[in-house]
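I would like the entire structure built from these sequences, with the hints used as guidance.
Spelled out, the chains give:
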Amino acid sequence: MITSIIIMILSGIALYLYTRSLLENEIEEELYSNKDRVERLLEKNPDLVGIPPIMMAEKTEIPQDNELIDTLIYDPLQDEIELFKQLSGTKNINGQQYKITVRAMVIESEDILFAIVFTFMVIIFLGFIFLFYLNKSRNEKLWRPFFINLNKLKEFSVKADKPLNFEESEILEFHELNREMESLTAKIQTDYRNLRQFTEDVSHEMQTPLAIMQAKIETLINDQKINESQYEQLSSLQGDIQRLKQLNKRLILLAKIDNNQFTAKETISINEIIQQVIENFRELIQTRIIFVENSKISVVMDKTLAVILFNNLLANAVKHNVDNHAVEVIIEGNNCSIINDGNVALKQPESIFERFYKESKKADSTGLGLSIVKKICDYYRFGPSYSFRTSTETDTAIKTQRELTSQGQHIFSVDFNK
Amino acid sequence: MKYLIAEDEKDLQKSIATYLSQDANICETASDYHEASEKLELYDYEIVILDINLITGSGLDLLKKLKQQHKKAGVIIISANNSLEDKLQGLDLGADDYITKPFHLAELNSRIKAVLRRGQFGGDDSIYFHEIKLDTLARSAYVNDMPIALTRKEYDLLLFFITNQGRVLSKAIIAEHLWGDDSDLLDNFDFIYVHINNLRKKLTNEGAKYIQTAYGSGYKFIAD
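Residue numbers (full-length UniProt numbering), protein chains in the order written: chain U, 1 to 418; chain E, 1 to 224.
Hints were generated in silico from the structure; no laboratory data involved.
Keep in mind that a hint or two might mislead.
[Stated by the list, open to error] Straight-line C-alpha distance at most 25 Å; calculated DSS-like pairs for lysine-lysine:
1) U:K225 to E:K10
2) U:K225 to E:K220
3) E:K87 to U:K265
4) U:K303 to E:K153
5) E:K171 to U:K249
6) U:K319 to E:K153
7) U:K256 to E:K87
8) U:K216 to E:K10
9) U:K319 to E:K64
10) E:K2 to E:K64
11) E:K2 to U:K216
12) U:K225 to E:K171
13) U:K216 to E:K64
14) U:K303 to E:K87
15) U:K152 to U:K162
16) E:K87 to E:K10
17) U:K225 to E:K209
18) E:K67 to U:K216
19) U:K225 to E:K14
20) U:K216 to E:K171
21) U:K358 to U:K319
22) E:K87 to U:K249
Structure, rendered in structure tokens:
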């Protein structure tokens with residue numbers, strides 16, 4: 001753009017100078033030929049006066065060379081002072097010296113400049129508009145496959161079963177790009193499938209050896225006379241097997257959600273599910289669970305997953321509770337919050353839903369509970385979130401009611417409004 | 001009672017057989033599809049424990065055969081696959097129960113007993129242990145014919161103890177039995193203490209002595 005402007009200006013100046021010198025030459029030539037004409041006329045008619053102010057002849061005594069000057073002369077016809085070029089010189093015709101002056105009106109440089117700039121502008125403006133639209137339509141056609149493919153890439157999911165097919169383009173570079181992208185995405189998908197298959201296979205194949213180990217330990221405990229420390233060893237081994245088993249179970253569950261194996265879609269009442277889950281907890285543990293229903297939530301989802309979702313959230317709250325304080329479950333609008341007391345906010349709340357991320361030092365947790373929560377929420381586009389509320393003065397009323405002594409509360413919420 | 005254990009993993013097969021033989025049951029074993037198929041044709045069993053993935057064939061095919069021959073055996077499927085479809089398929093074909101590997105032998109035993117009680121396999125709706133009586137239909141318990149009020153979990157606990165009497169039961173096994181698939185939700189099994197203590201109290205002095213501590217942290221239900 002700048003280059004073209006510079007070129008424009010330079011060519012404009014050049015054109016201006018060239019046109020001006022051309023015009024000057026032309027005027028000079030015209031002046032000389034006019035002078036010649038006057039001279040010839042004088043030969044025939046010595047009393048010729050000429051046509052003032054353009055051509056003038058007067059008798060004179062002093063000879064003078066041809067002289068070319070610019071002069072300003074008042075033109076009564078146009079009623080303004082105009083610039084004239086003037087050629088004057090003496091000539092001896094028939095023994096009499098005549099001073100001959102011819103003049104020509106000079107076109108003013110400003111006018112030339114204006115004409116040039118104006119013409120230039122018009123040409124360039126028209127050219128610009130033309131090129132702009134030409135370019136635009138051309139580009140649109142040219143880039144159309146590119147943008148279609150870009151959109152396909154944006155929507156690409158490694159989990160999809162179908163390979164990504166790109167819009168073909170006649171442009172060699174795009175064609176090559178497409179080919180590369182196709183092979184790349186196909187490879188990513190295959191790798192992902194293999195990885196998923198691997199996880200599943202490992203999880204399943206581990207079950208049988210685990211079963212054998214577990215059965216052998218149980219046989220050993222029941223069959224042999226063993227001492228207490230041996231029993232401790234064996235039962236801690238059993239605990240480890242148990243952990244592997246849970247880990248397996250959860251990994252399989254995560255894989256199943258990934259594989260879209262939960263297809264049951266029924267409208268279920270979240271309130272009822274929570275009620276049921278809480279009942280289940282109450283039968284087994286002493287922790288008080290307070291359920292506050294300020295609204296009713298119904299969603300379309302797999303019932304098994306809904307139960308797993310709240311089982312995990314509630315278990316998490318019970319696990320990380322302080323001194324067996326009450327755990328609260330509150331349904332408000334489209335939101336369900338599970339609240340338990342805690343003393344410090346999580347250090348890395350953004351990592352809490354990640355696999356195998358553990359903030360507490362409890363060695364025996366699998367670190368998968370909340371990532372299952374996240375997975376289920378993602379699957380149904382629910383919004384899970386975590387926040388920590390520090391206890392304040394306003395909580396005093398609740399505090400005394402609930403005998404709260406902790407520093408604050410961990411709040412896990414699920415927003416069911418998609 | 002006569003059991004057939006069709007399981008291709010010899011170690012697991014042996015452990016199951018050992019555990020179940022303790023109640024004076026006869027346990028026969030089959031290590032592959034053909035052996036199991038042959039034994040099922042020749043003999044009658046009260047309970048068949050069937051692995052779905054037998055090396056030379058599917059346990060589900062054996063189940064179909066069994067049902068075609070109208071044998072009255074109770075069938076419990078054991079599988080490494082915890083998928084709902086597999087479970088439903090097995091139960092649709094006429095299996096009485098389905099248990100996923102890895103399982104506790106005590107759990108398997110208690111499932112077998114439940115199948116025996118439910119079916120016409122010589123079981124009884126009531127279970128007796130000295131002065132304790134459990135009515136499995138009404139899910140109620142009696143001590144010296146006096147009804148005692150148990151919660152659902154306490155009843156399950158007592159039933160589990162009686163079914164696996166004489167065996168050492170760790171807290172993990174008990175927790176898993178009481179809470180099934182969700183037992184992993186809580187990392188420690190301290191809540192078991194509470195339930196066992198409550199049960200002890202309710203069984204009164206006579207009954208409480210049967211629940212004995214084994215090796216410090218396990219339990220054993222035994223008559224002196």
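Against the structure, the hints come out as follows:
1. U:K225 to E:K10: holds (24 Å)
2. U:K225 to E:K220: Answer holds: U:K225 to E:K220 is near 14 Å, not above 25 Å.
3. E:K87 to U:K265: Measuring from Cα to Cα gives roughly 20 Å; hence the hint holds.
4. U:K303 to E:K153: holds (24 Å)
5. E:K171 to U:K249: holds (20 Å)
6. U:K319 to E:K153: holds (21 Å)
7. U:K256 to E:K87: Roughly 15 Å between the alpha carbons, so the hint for U:K256 and E:K87 holds.
8. U:K216 to E:K10: holds (12 Å)
9. U:K319 to E:K64: violated (45 Å)
10. E:K2 to E:K64: Holds. E:K2 to E:K64 sits at ~20 Å (cutoff 25 Å).
11. E:K2 to U:K216: Holds: E:K2 and U:K216 sit about 22 Å apart, inside 25 Å.
12. U:K225 to E:K171: Holds - the C-alpha atoms of E:K171 and U:K225 are around 20 Å apart, at most 25 Å.
13. U:K216 to E:K64: violated (31 Å)
14. U:K303 to E:K87: holds (17 Å)
15. U:K152 to U:K162: holds (12 Å)
16. E:K87 to E:K10: Satisfied, since the Cα-Cα distance of roughly 24 Å is no more than 25 Å.
17. U:K225 to E:K209: Within the cut-off at roughly 22 Å; holds.
18. E:K67 to U:K216: It is violated: about 32 Å lies between the C-alpha atoms, which goes past 25 Å.
19. U:K225 to E:K14: holds (19 Å)
20. U:K216 to E:K171: holds (17 Å)
21. U:K358 to U:K319: holds (13 Å)
22. E:K87 to U:K249: Since the Cα atoms of E:K87 and U:K249 sit roughly 15 Å apart, the hinted pair holds (cutoff 25 Å).
The structure fails hints 9, 13, 18 (numbered hints given earlier, in ascending order).
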